[in-house]
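Residue numbers (the numbering used here), protein chains in the order written: chain Z, 5 to 558; chain X, 11 to 419.
Just so you know, these hints were derived from the structure itself, not from any lab.
These numbers come from a predicted model, not from an experiment.
Hints should not be assumed to be uniformly reliable.
Sample of chain X residues at the chain Z side, in silico, Cβ under 10 Å [what the hints assert, rightly or not]:
hint, residue
1, Gly-153
2, Ala-164
3, Ile-172
4, Gly-192
5, Leu-235
6, Gln-331
One side of the interface only, derived from the structure: several residues of chain X facing chain Z at Cβ under 7 Å [stated by the list, open to error]:
hint, residue
7, Pro-178
8, Leu-186
9, Gly-274
10, Asp-277
11, Cys-281
12, Arg-390
Each residue gets a CB set at the ideal place from its N, CA and C atoms; glycine is no exception.
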Amino acid sequence: MAADADRVRRDLEAIVGPRRVSLRAVDLDTYARDMWPRLLLARRDGASPQLPTAVVWPEHVREVAAIVRAARSLGVPIIPYGGGSGVCGGVVPRFGGITIDTKRMAALRAVRADEQVCDVEAGLSGERFERELARRGFTFGNFPSSIYCSTVGGWLATRAAGQLSTKYGKVEDRVAGLTMVTGTGAIIDTDGPRRALGGPDWTQLILGSEGTLGVITSARLRLAPAPQLRVFRGFEVSSVAAGLEALRRVVQRGLRPAVVRLYDELDTFVNSFGHHTVDPEGDARKHSHAPAPLPNQGALPELPGPPVVAGGDGALARLMGFARRRKRGARQDAFAALLDHPRLVNSVVGTVAEKIARKGCKLIIGLEGSRLRTEVEAALTFAELERAGCRDLGEEPGKTWYARRYAVSYKMSPVFRDGAFVDTMEVASSWTQLLDLYHSVRAAIGKHAVVMAHFSHLYPEGCSIYFTFAAHADDRAASERRYDAIWRDGLEAATRAGGTISHHHGVGMLKAPFMRGEHREAMTILHAVKRALDPDDIMNPGKLGLPGARWGGQ
Amino acid sequence: MSAELERELAGLVGAAHVRPVSGQPAWQVAPGTPAEVSDVVRTAGRYGAAVVPIGSGSRPARVRGLGDRLRLHVSTARLDQVAHLDEMSLLCDVQAGLTGLALEKMLAPRGLSLGDYPPGILGDTIGGLIGVRTPGKSSARHGFFEEAVAGVSAVLADGRAIHTRVAPRRSTGPDLARALCGSEGTLGFITGAVLRIHRRPEARLLAAFVLPSVDAAIAAAFLALREEAAPAALRIVDSAEARVHFPDARLADGHALMVAATAGPTDLAACDRDLIESAVLAEGGQAAAPALAELWWRRRFGHEPTPEPGPSFQCTAGPSQLRAAYHAIVGAVPGTRCHVSRFDGDGAVVFATFPDDAVDALKAAEAAATGAGGWLLGARPAALDPYLIALRAELDPQGIMNPGALIGP
Chain Z
5 MAADADRVRR
15 DLEAIVGPRR
25 VSLRAVDLDT
35 YARDMWPRLL
45 LARRDGASPQ
55 LPTAVVWPEH
65 VREVAAIVRA
75 ARSLGVPIIP
85 YGGGSGVCGG
95 VVPRFGGITI
105 DTKRMAALRA
115 VRADEQVCDV
125 EAGLSGERFE
135 RELARRGFTF
145 GNFPSSIYCS
155 TVGGWLATRA
165 AGQLSTKYGK
175 VEDRVAGLTM
185 VTGTGAIIDT
195 DGPRRALGGP
205 DWTQLILGSE
215 GTLGVITSAR
225 LRLAPAPQLR
235 VFRGFEVSSV
245 AAGLEALRRV
255 VQRGLRPAVV
265 RLYDELDTFV
275 NSFGHHTVDP
285 EGDARKHSHA
295 PAPLPNQGAL
305 PELPGPPVVA
315 GGDGALARLM
325 GFARRRKRGA
335 RQDAFAALLD
345 HPRLVNSVVG
355 TVAEKIARKG
365 CKLIIGLEGS
375 RLRTEVEAAL
385 TFAELERAGC
395 RDLGEEPGKT
405 WYARRYAVSY
415 KMSPVFRDGA
425 FVDTMEVASS
435 WTQLLDLYHS
445 VRAAIGKHAV
455 VMAHFSHLYP
465 EGCSIYFTFA
475 AHADDRAASE
485 RRYDAIWRDG
495 LEAATRAGGT
505 ISHHHGVGML
515 KAPFMRGEHR
525 EAMTILHAVK
535 RALDPDDIMN
545 PGKLGLPGAR
555 WGGQ
Chain X
11 MSAELERELA
21 GLVGAAHVRP
31 VSGQPAWQVA
41 PGTPAEVSDV
51 VRTAGRYGAA
61 VVPIGSGSRP
71 ARVRGLGDRL
81 RLHVSTARLD
91 QVAHLDEMSL
101 LCDVQAGLTG
111 LALEKMLAPR
121 GLSLGDYPPG
131 ILGDTIGGLI
141 GVRTPGKSSA
151 RHGFFEEAVA
161 GVSAVLADGR
171 AIHTRVAPRR
181 STGPDLARAL
191 CGSEGTLGFI
201 TGAVLRIHRR
211 PEARLLAAFV
221 LPSVDAAIAA
231 AFLALREEAA
241 PAALRIVDSA
251 EARVHFPDAR
261 LADGHALMVA
271 ATAGPTDLAA
281 CDRDLIESAV
291 LAEGGQAAAP
301 ALAELWWRRR
311 FGHEPTPEPG
321 PSFQCTAGPS
331 QLRAAYHAIV
341 GAVPGTRCHV
351 SRFDGDGAVV
361 FATFPDDAVD
371 ALKAAEAAAT
381 GAGGWLLGAR
391 PAALDPYLIA
401 LRAELDPQGI
411 MNPGALIGP
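When you get a sec, could you build the whole thing from the sequences and use the hints?
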């Protein structure tokens, strides 16, 4: 079955010419992975990864279709690749094959102000997308912390979420239609008015498919007017439970703040160690070694600007800082020293935090949108929180968070260099199950790692929890064992508590073994959709809990 | 063989719940539990009989092109229970045979509601509302009905029951519940669903406006939506329709009446009403007697009769084509009266009532509306049919699940 590399090169060059195909070792190595921390552990150890056979850069959907048809007749897999910022191994070429980088299909083809939609190609980077929209007075509203290194296509393929999702929704809530090349090399278009169409909603069956059904090449996305007003406020609340109850009341009254972040005791404690200045400019300067541009050097525009999300936040930065200090032998930092004693840290720090800092949990709220409605919603939201016992801290905490909302995701490598690892686990459930989910997942991870959490991405029926954990082991094998144990115990606990195993990072290889527990018998439908759109099993095999049996996967 | 099948069905669901359909090789079967649905589907599979979902059975089954094939018209009339009501998370687990109205009656005393959906659609069963993607099940405040579906329970062609897991959102592959929404019983027989419900709004405000033209009224509606107003309902009535429905408005020819309901916390409902009013003023309109809106609202809930006949044609269009679609319909069939409603960011629906003496009005209106960029309701992109056929073949190799629906056999 292994197609010979020369033939793959010949066939691809016949489609895109010689300059947009590569079999060079450095390219194959680059495209062998994404930002899945487990791969970083292996890389640190010098392990050689499973490589793709070739990398190709199509510029048009017709080229993508031809490449897929070529792969089909060659009998090799196709792996779609966007920004490579995924954290679940979704782009790993488990069985070799052709990696299609979509980044040369990056046009924002049309912005239709009257319809409030845009047509955009999959390879456009998130940052350029939002900047382009901002210039025209719109926003798509998806601001993941990976926005500088992720693509629109990647967002669609994983059902991504951004820091403002409580207002704008997740990506899947804002898609009017998709164009995709299926596993047979056919081009399909799911666009059309939702109110008119009959039959199953193909758009919703393709979103989140992580390249296992086809290559998403472009999309029609719904836009919102760029916000005219943005309001931040920080609050303090006595406990996670009290904070969640207050937030539930807010969203169930129909209020939609854009940013909501409730930090648990440990997360609040770690955060409070920081030098929280109120100087966003200076703060950004501190992070100048990150690849993200400074606000005055073309970072995302201020007005429609992005606030946050999914990956990075101050807590992770702090935690990474501790992990690093630990390795440097700065044992005076008691917290860092305790990285090797996660259970102790996890059980003690909550109370320490209360005693030392005399604080409970920190809550950050931000609203944005049209002037009048945002003002009204902000007043109602803040009043509701105060009624629920939250103490108003003014606008500074929110502004501080906003100034560094992207800073963290770009700072992982020093931690890994120093022998530790960090990762994040994002689960979600209904409000009824949420505290149980929080306590059981926290306990499951806490056996192996120092763990903290914040609650963000609210819905009237529930909320997601974002756990950040850090751990250390002596060598790669031990690190991987610990890493795998964290995920196994954490995700099994999530499933038992009735939550989902992923709110917005996706499945990839990392969560594939847990898909059966997630969907149970309904996996039958996923298998059927897979066979209907990719009968030869060539699209990104071995991901999303689909076995890739043709390639020897299980 | 027929007698045998009937006996077997009676053994499964009780003789009282199986009866032959006169003049057809068919039986109407009313299983009492989801497990009995599984049994019935398995039995149908053994006999190669078609499983045709008929909702509560109040309307005759739509059966196309099945010839002499054995079939079971499976009713959900007995699956009418609320399995679980989670007031904390505003989730309601209901069986498919419960009607929207029956569910509303149960929720109301608890201060809860399905949402601002047009009351006219809620006479259908939940299974029907979910299983058939018909238009008009939306509001600017609460979105499309399918978006209220947090999970679906269904029986597949092999008799296995599936329950998609409920989570507020997830990133664990495609939304499998949405495969069943709109599948009209071809991918699975829907036995229940978990629905997102809402608290009853603290305030509901009604307002009426007069605008110089339908175009101005449509422009005002989208202007308000862009300012983030989220009305519970909004309707634009042209002068011809106003003469029949709202004679007291004394609307001049060519003018338009707009009625709107906003809801939510009092301040937010007032804010949305003010946003709509500002948009109306910007488009050259002005406030009208609130009694007009109150009349519309009473009719909406059937507290007062709506003038007959009701609309005989509907089409939808995006914000930029809506005006053209309206003018095309009115131009194609002289004497037509219209209202436009179901507004959200994606567009709205034009409802047309033709004059009694119009000839071939439907055809003319269809051609005019689609020519102007409108969409007829229930259209399906034919280019995707091969994948739907493949998906059906995977899930239902025998072709027993409502074989006449969506794409004929």
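Taking the hints in turn, this is what the structure says about them:
1. Gly-153: holds (9 Å)
2. Ala-164: Since chain Z brings a Cβ to about 9 Å from X:Ala-164, closer than 10 Å, the hint holds.
3. Ile-172: holds (4 Å)
4. Gly-192: Cβ of X:Gly-192 sits 5 Å from chain Z, so the hint holds.
5. Leu-235: holds (9 Å)
6. Gln-331: Holds, about 9 Å.
7. Pro-178: holds (4 Å)
8. Leu-186: Because about 5 Å separates X:Leu-186 from the closest Cβ in chain Z, which is inside the 7 Å limit, the hint holds.
9. Gly-274: Result: holds, 5 Å to nearest chain Z Cβ.
10. Asp-277: The hint holds - X:Asp-277 has a Cβ within 7 Å of chain Z, the shortest such distance being about 5 Å.
11. Cys-281: holds (4 Å)
12. Arg-390: This interface hint holds because 5 Å falls under the 7 Å limit.
Every hint, counting from the list given before, is met by this structure.
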